Amino acid sequence: NAGVMQNPRHLVRRRGQEARLRCSPMKGHSHVYWYRQLPEEGLKFMVYLQKENIIDESGMPKERFSAEFPKEGPSILRIQQVVRGDSAAYFCASSPGRDFLRYTFGSGTRLTVV
Amino acid sequence: GQQLNQSPQSMFIQEGEDVSMNCTSSSIFNTWLWYKQDPGEGPVLLIALYKAGELTSNGRLTAQFGTTRKDSFLNISASIPSDVGIYFCAGHPFSGTGNQFYFGTGTSLTVIP
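Read top to bottom, the protein sequences are chains A and B.
Quick note on numbering: the working numbering labels position 15 of the first sequence as 115, and the sequence is numbered without any gaps.
Quick note on numbering: the working numbering labels position 76 of the second sequence as 81, and the sequence is numbered without any gaps.
The set of hints was computed from the structure by calculation and includes no laboratory data.
It is possible that part of the hints are untrue.
To be verified - Here are a few chain A residues that face chain B, going by a calculated C-beta distance under 7 angstroms: (1) GLY142; (2) LEU143; (3) PHE145; (4) TYR148; (5) PRO161; (6) PHE191; (7) PHE205; (8) SER207; (9) GLY208.
Predicted model only: the values in this text are computed from it and were never measured.
Where a beta carbon is used, it is the ideal one built from N, C-alpha and C, also for glycine.
Could you build the full structure based on these sequences and the hints that come with them?
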């Protein structure tokens, strides 16, 4: 039973390019969360999605960032026109519902903007 | 947003020593979680706490949900080299909606063999 799969593991983008981060939740999990971790800091919540719906995007920057979780396929976190401050580790977690014990994180995507 | 402060920020200890770390919040939480993060990996859940005053163990790890609901503590007994990593507290606020957690700033643990 595969865990939460994130790809790519590492992503390098030049300023102004777009970054697309993918997250495939665990089998049977329909809730997906994205968190951002800046160097030497804790994780900060960005967005919570269920299939085809954004439930809570209160942690998402208002501009350049968007997320989706389509009926088929992985969840995508998209960052347009990246800037150096977007460099961070982006983690996805999934759960089958409101069960904290089954909230499982992926290994993250490390985005570096040069 | 919610603020969770962890202390200490880092610890360097000898193998076999016990470790204590804590986490405090500015508001009441109804769930506390402790995670461990290895380099290059995502956090892995160690212990979950649901009630004020609750004391829960997982092997050599023991965590407590503070009676004020604004703090939590993690103890590791008889540390071993594989305990190295960053330990994060996380909480779900009492007044929170949705399923997000707020994370602390982390305690980096180094165990010297």
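Here is how each hint holds up against the structure:
1. With its C-beta approaching chain B no nearer than about 4 angstroms, A:GLY142 sits inside the 7 angstroms limit, and its interface hint holds.
2. For the restraint placing A:LEU143 at the interface with chain B, the shortest Cβ-Cβ distance is roughly 4 angstroms, inside the 7 angstroms limit, so the hint holds.
3. Interface hint status for A:PHE145: upheld, as the beta-carbon distance to the closest one in chain B is roughly 4 angstroms, under 7 angstroms.
4. For A:TYR148, the interface hint holds, the least distance from its beta-carbon to any beta-carbon of chain B being 5 angstroms, beneath 7 angstroms.
5. Interface hint at A:PRO161: violated, since its Cβ lies 13 angstroms from the closest Cβ of chain B, which is beyond the 7 angstroms cut-off.
6. Checking A:PHE191 against chain B by beta carbon gives a least distance of about 5 angstroms; that is within 7 angstroms, so the hint holds.
7. With its C-beta approaching chain B no nearer than about 3 angstroms, A:PHE205 sits inside the 7 angstroms limit, and its interface hint holds.
8. For A:SER207, the interface hint holds, the least distance from its beta-carbon to any beta-carbon of chain B being 5 angstroms, beneath 7 angstroms.
9. The interface hint given for A:GLY208 holds, since its Cβ lies 5 angstroms from the closest Cβ of chain B, which is under the 7 angstroms cut-off.
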